[in-house]
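Colleague: Sequence:
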Amino acid sequence: MGPPRTQLPVSRINTIMKSSSDVEMVSKESSLLMGKATELFIKNLATEAYKTTHNGRKLDYKNLAEIVHSEDKYEFLREIMPKKITVLEFKKIMARKQGNSNEVDKKRGVDFFGFFIVFLRRRRRLQFGR
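Per my numbering, residue 2 is the first one in the sequence shown, and the count goes up by one each step.
It should be emphasised that the hints constitute simulated quantities derived from the structure, not laboratory data.
The reader is advised that the hints may include incorrect statements.
[As the list claims (entries may be wrong)] Straight-line distance between alpha carbons at most 35 Å, and here's what the computed DSBU-like set of lysine-lysine pairs gives:
1) Lys44 <-> Lys84
2) Lys37 <-> Lys52
3) Lys63 <-> Lys19
4) Lys59 <-> Lys37
5) Lys74 <-> Lys93
6) Lys44 <-> Lys59
7) Lys29 <-> Lys44
The structure presented is a predicted model; accordingly, all values stated were derived computationally and were not measured.
Working from the sequences, and respecting the hints, build out all of it.
Modeller: Laid out in structure tokens, this is it:
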């Protein structure tokens, strides 16, 4: 039986582990163990998220975010994996924060993430003259 293997690059795991100010040295065994634990965590998260797919064919961000926000054990991921919202929902949230909820337009919202990507692409074209 050979040494344990991980699908994740051990050098990258070492770099991430050493980036903590609390860690001075990282052994090869601890890197392999952390890599294997990370793989199992990802597999578990993906399996649970896949169960939320309605057609059972495609796993996407929405499914992952749904599991993260419904299971307490994934609470630590909620800040970095927010639920997808529409532009209309975003405007309502911002209006509530500013106390101007009557200024929100009544049109159907669009996918905020898609809107944001388009915004970034246009901004990039303006910056680089494309």
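Colleague: Run every hint past the structure and note whether it holds.
Modeller: Comparing the hints with the structure gives:
no.	hint	result
1	Lys44 <-> Lys84	21 Å, holds
2	Lys37 <-> Lys52	23 Å, holds
3	Lys63 <-> Lys19	32 Å, holds
4	Lys59 <-> Lys37	25 Å, holds
5	Lys74 <-> Lys93	29 Å, holds
6	Lys44 <-> Lys59	15 Å, holds
7	Lys29 <-> Lys44	23 Å, holds
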